[in-house]
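> Put together the whole structure using the sequences plus the hints.
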Amino acid sequence: MAGHSKWANIQHRKGRQDEKRGKVWTRIIREIVVAARQGGGDLGMNPRLRLAVDKAKAANMPADTIKKNIDKATGALEGVNYEEIRYEGYGIGGAAVIVDCMTDNRVRTVAEVRHAFSKYGGNLGTEGSVAFQFKHCGQFIFAPGTDEDKVMELALEAGADDVVTGDDGTIEVLCVPVEFEAVKAALEGGGLKPELAEVTMRAEASVDLSGEDSQRMQKLLDVIEDLDDVQNLYHNAVLDE
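Numbering (my numbering), first residue to last: 2 to 242.
Check the hints yourself; a few may be wrong.
Unchecked claim - Think about it this way: if two alpha-carbon atoms lie no more than 30 Å apart in a straight line, the pair counts; the simulated DSSO-like pairs of lysine-lysine are:
id	residue 1	residue 2
1	Lys136	Lys58
2	Lys194	Lys151
3	Lys120	Lys136
4	Lys68	Lys56
5	Lys58	Lys73
6	Lys24	Lys69
7	Lys24	Lys220
8	Lys58	Lys69
9	Lys194	Lys69
10	Lys220	Lys69
I should point out that these hints are in silico values taken from the structure, not numbers from a laboratory.
Have a look at this one:
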């Protein structure tokens with residue numbers, strides 16, 4: 002998460018998602034389709050699909066829409082064949098950027114991503130050029146004022162690796178991806194509801210940007226995020242609020 006305040010950044014991100022509800026649904030549907038195609042349509046045997054369905058429910062997606070797309074992926078209905086592609090590059094001030102896409106047209110997607118980087122001050126890099134600066138992990142973030150001792154007790158007992166309290170009072174729980182479901186169940190079972198719960202690419206170090214550089218970086222991120230084929234966007238820039 003970029004931003005001097007994780008909490009402010011989360012609210013900004015959730016606000017953008019609310020503004021673009023249709024785009025959020027499209028991304029979740031693609032995730033459901035790919036997860037079901039790769040691991041089958043049984044939620045009990047497919048953690049990735051279960052997480053995608055949880056996202057769908059949180060976004061108020063109708064149950065029949067979820068089922069229809071699982072059926073498409075598993076062959077019960079005809080559907081589009083998506084492939085996953087990751088692009089890596091640099092933003093303003095050398096900030097690292099990872100762009101995860103799902104597409105039915107690789108040529109179109111790479112052209113759009115490259116154009117966005119070049120037009121708005123970034124550079125598309127090669128595979129592996131920035132990924133080493135991120136850690137693939139499960140991440141939970143709780144609002145300032147949440148009981149830190151309770152979060153720590155439940156999370157660590159369930160297999161979390163670390164609990165970090167930010168300067169703004171947010172509490173962050175980190176775990177390896179395979180422990181995500183167990184940690185999530187333990188936290189929610191203890192009555193703790195995270196503001197953010199996801200398997201993500203978390204930046205190990207950050208690049209501070211301010212003033213015009215911060216604005217240019219935000220513009221680059223907004224343009225990339227708005228591309229139709231982009232599923233997730235990760236970066237290590239700390240932007241002025």
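> Now look at each hint and say whether the structure bears it out.
We went through each hint and held it up to the structure:
1. A hinted pair counts as satisfied when its Cα atoms are at most 30 Å apart, and Lys136 with Lys58 qualifies at roughly 27 Å.
2. Restraint check for Lys194 and Lys151: satisfied, since their Cα atoms lie roughly 12 Å apart, inside the 30 Å limit.
3. Straight-line distance between C-alpha atoms of Lys120 and Lys136 comes to about 28 Å, which keeps the hinted pair within the 30 Å bound.
4. Distance check on the hinted pair: Lys68 and Lys56 sit about 14 Å apart at the alpha-carbon level, within 30 Å; holds.
5. For the proposed pair Lys58 and Lys73, the alpha carbon gap of about 18 Å is at most 30 Å, so the pair holds.
6. Taken as a hint, the Lys24 and Lys69 pair is honoured in the structure, with Cα atoms around 18 Å apart against an allowance of 30 Å.
7. Only pairs whose Cα atoms come within 30 Å are accepted, and Lys24 paired with Lys220 is accepted, the gap being roughly 18 Å.
8. The hinted pair formed by Lys58 and Lys69 meets the criterion: a straight-line CA distance of about 14 Å does not exceed 30 Å.
9. At most 30 Å may separate the alpha-carbon atoms for a hinted pair to count; Lys194 and Lys69 meet this at roughly 29 Å.
10. Pair hint Lys220 plus Lys69 does not hold up; C-alpha atoms about 36 Å apart against a cutoff of 30 Å.
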